[in-house]
Amino acid sequence: MDNKILLEIKNLHVWYKVYGGYSKVLQGVNFLVREGERVGLVGEAGCGKTTTMKSILQILPPGDFHIPRGQIFYKGQDVLKMSFKEIQRLRSREIAMIFQDPTTALNPVFTIGNQIGDVIKYSTAFEENVYKEKIKIQSIKAIKEVYLPDPERIHINYPFQLSGGMRQRVCIAMAISSPRNLIIADEPGTSLDVTIQDQIHRLLNKIVEKRNTAIILITHSLGVAKEMADRIYVMYAGTIVETATPEVLFKNPVHPYTKGLLASVPKISGGGIAKGIPGKIPDYLNPPSGCRFQLRCEQESPICSEKPPQLFEIEKNHLVACYLTKR
Amino acid sequence: MKQVINNEILKIEKLKKYFHVGKDKQGPIYVRAVDGVTLNIKYGETLGLVGESGSGKSTIAYTVVGMYRPTSGQILFKGKNIGMEASRRSLSSKKEIQIVFQDPGSSLNPRQTIEQILALPFRIHTQVPKKQLREKMVKLLEKVELSPDYLYKSPPSIGGGEKQMVAIARAMASNPSLILLDEPTSALDVSVQAKIINKLIDLQKEMNLTYLFITHDLSLMRNVANRIAIMYLGKICEVAESVTFFEKPLHPYTQMLISSVPVISEEEEKLKPKKVISIGEIPSPVNIPSGCSFHLRCPYKIPICSKVDPEMIEFSPGHIVRCHLFAKLENKKQQRSDLYEEESVIY
Chain A
0 MDNKILLEIK
10 NLHVWYKVYG
20 GYSKVLQGVN
30 FLVREGERVG
40 LVGEAGCGKT
50 TTMKSILQIL
60 PPGDFHIPRG
70 QIFYKGQDVL
80 KMSFKEIQRL
90 RSREIAMIFQ
100 DPTTALNPVF
110 TIGNQIGDVI
120 KYSTAFEENV
130 YKEKIKIQSI
140 KAIKEVYLPD
150 PERIHINYPF
160 QLSGGMRQRV
170 CIAMAISSPR
180 NLIIADEPGT
190 SLDVTIQDQI
200 HRLLNKIVEK
210 RNTAIILITH
220 SLGVAKEMAD
230 RIYVMYAGTI
240 VETATPEVLF
250 KNPVHPYTKG
260 LLASVPKISG
270 GGIAKGIPGK
280 IPDYLNPPSG
290 CRFQLRCEQE
300 SPICSEKPPQ
310 LFEIEKNHLV
320 ACYLTKR
Chain B
0 MKQVINNEIL
10 KIEKLKKYFH
20 VGKDKQGPIY
30 VRAVDGVTLN
40 IKYGETLGLV
50 GESGSGKSTI
60 AYTVVGMYRP
70 TSGQILFKGK
80 NIGMEASRRS
90 LSSKKEIQIV
100 FQDPGSSLNP
110 RQTIEQILAL
120 PFRIHTQVPK
130 KQLREKMVKL
140 LEKVELSPDY
150 LYKSPPSIGG
160 GEKQMVAIAR
170 AMASNPSLIL
180 LDEPTSALDV
190 SVQAKIINKL
200 IDLQKEMNLT
210 YLFITHDLSL
220 MRNVANRIAI
230 MYLGKICEVA
240 ESVTFFEKPL
250 HPYTQMLISS
260 VPVISEEEEK
270 LKPKKVISIG
280 EIPSPVNIPS
290 GCSFHLRCPY
300 KIPICSKVDP
310 EMIEFSPGHI
320 VRCHLFAKLE
330 NKKQQRSDLY
340 EEESVIY
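As given, the protein sequences belong to chains A and B, one line each in that order.
The first sequence begins at 0 in numbering that gives the first Met the number 0 and counts up by one.
The second sequence begins at 0 in numbering that gives the first Met the number 0 and counts up by one.
Any given hint could be a false lead.
As the list claims (entries may be wrong) - Simulated pairs of lysine to aspartate or glutamate, DMTMM-like, Cα-Cα distance not exceeding 20 Å: (1) A:K225 x B:E141; (2) A:K274 x B:E246; (3) A:K274 x B:E205; (4) B:K273 x A:E297; (5) A:K279 x B:E310; (6) B:K15 x B:E310; (7) A:K266 x B:E246; (8) A:K279 x A:E297; (9) B:K269 x A:E297; (10) B:K274 x B:E310.
Said to hold, decoys possible - Per label pair, the in silico range of CB-to-CB distance: (11) A:N211 x B:E268: 24 to 34 Å; (12) A:E246 x B:V127: 19 to 29 Å; (13) B:V242 x A:K140: 27 to 37 Å; (14) A:E151 x B:D23: 47 to 57 Å; (15) A:E297 x B:E205: 54 to 64 Å; (16) A:G20 x B:S105: 37 to 47 Å.
If you are wondering where the hints come from, they were derived from the structure by calculation, not from laboratory data.
Remember, it's a predicted structure, so these values are computed and weren't measured experimentally.
Built from N, CA and C at the ideal position, the CB exists for glycine as well.
Just need the whole structure built from these sequences, with the hints factored in.
Okay, here's the thing in structure tokens:
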């Protein structure tokens, strides 16, 4: 398990510029991915999962964001201090990202072959001259690898000629068309049906295992995270609240938010539905000082509003950011 | 008053809804969204209608509520035929059936205040004097746990869960007996979903409501619905009580669905059928495959499947399935215990 560290995010803060000030979305995110590891990032809508991932690749909306504090290390190098050329290299050769909605991730006026070909072209552009034929062979190989029927035809198809599940496979093919060390999958199955979602997740798992690539799977479904990840991060309102292996997290959740989230998931074995978590995510413009979960927490105490709790190791590989654990 | 003939509040018989989309040499092309659905809903129950996108589940709801006119078939509500569009229905039948849509962001008018939104059903369906209207609306908001000052807010200024609560309150305003819930929580987070579902269950008991709950989330249905109906390409595959449904799923498509649900505990893992894994995609409703519409994805396909469309069979009381595998068993007229043995061979 203790492979070399591939990606490490330390105390990352990201603010967005909005009317009336800064929307303080991320508040001290700490995140770690080792080589070949499958990491799940779970959280509700608007908790900053995608913002965290976009800040790794530096694809946040230009001019609208501000990073007051924090470091992102990729293979020991700080991404935030990289030159433009280095970041381009990171995007084209090291990290691939699969987006949530396959309908908008592909350009409707170019063929599939064209779009996969571009990825291959730019990922090798730093080294050698790549010929058109070679790109074609490689992109057809990538389409074959995601089990799409009739790769030759798909190669000359446009995105609108494919179904949602097939488009998502094309996006995965783009991500794996050239060797990468890290794949970021941003809710790859959310906009698809359950049976198709299951297929996509199995495919991703297979590819990651075969190539020994590290993957960060962003999801809002705890069930998906359990099936896909070696280690899970639970995120709430811009902070990581708990991290553990799935076995530990589902058996012995510690943070009140994780507990509430787990209880809210309906089970196919029955047993009714818990009452959910009262309240809603705090306003990012004026977030409460201290722990961001305090307003919804049932075990709130005065110390919670003083300063944000830090991640604290309660046992090996199980970290929790809550004052309750220290008492 | 209402004449109750039997214990069924809504009876859908051989309902078909085709949409005309164009024509070619052979003649007009139709999207067969709903293709011969027979479904009953009993008083006071929650029927879960589950299916993938494009299976026609929302079309059923829209036809029942009168947004579409059925191509053929009958819809009986409390014994009366309501198989026509809403403009030709009586006001009293419209009052009794209400709908809650999937996305509260687009089903509530962003330019109106909540007060205006909630006042409309009162104005149309009840004779509440203007002076008491406000009092009634405050009571309605109390039912869904919103404070009276929400009356002066507009939909864009409140959260997604609260918007859906307002949509539910609007549906409750005319004091209906049947509410169609068209994926009411699929746009929301789990912690908010739990809150809304619990409120819906409470309101059902309090107001004696019947729900038709449309969703693609099987694990939610296990906890909410009394009975579950599975839909695939405009047809019903299987109807059963929700407990038997998960313990003994019969139709291969049902097994595929249950095996695809991501689960979080070990006892759930045990319930998942292991051998049926998900393959293929739902075909387009324009070109529905011949015979059984599922045969292209079915792991237990037998020759007859691609030729003949199976009939609905009552496998055990209340458990209806539409599959050739079980038709064969019934023809042999075996004892029920034998049926289960043979069934385990199929699994």
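Results of checking the hints against the structure:
1. A:K225 x B:E141: Distance ~38 Å between K225 (chain A) and E141 (chain B) Cα, so the pair is violated.
2. A:K274 x B:E246: 26 Å, violated
3. A:K274 x B:E205: The given pair, whose Cα atoms are some 18 Å apart, holds under the 20 Å limit.
4. B:K273 x A:E297: 40 Å, violated
5. A:K279 x B:E310: 48 Å, violated
6. B:K15 x B:E310: 16 Å, holds
7. A:K266 x B:E246: OK: K266 (chain A) and E246 (chain B) at ~13 Å, within 20 Å.
8. A:K279 x A:E297: 14 Å, holds
9. B:K269 x A:E297: Violated: K269 (chain B) and E297 (chain A) sit about 33 Å apart, past 20 Å.
10. B:K274 x B:E310: Roughly 25 Å separates the two Cα atoms, so the pair is violated.
11. A:N211 x B:E268: 24 to 34 Å: 27 Å, holds
12. A:E246 x B:V127: 19 to 29 Å: Because 57 Å falls outside the window, the suggested range is violated.
13. B:V242 x A:K140: 27 to 37 Å: Since V242 (chain B) and K140 (chain A) have Cβ atoms about 48 Å apart, the given range 27 to 37 Å is violated.
14. A:E151 x B:D23: 47 to 57 Å: 27 Å, violated
15. A:E297 x B:E205: 54 to 64 Å: 26 Å, violated
16. A:G20 x B:S105: 37 to 47 Å: 29 Å, violated
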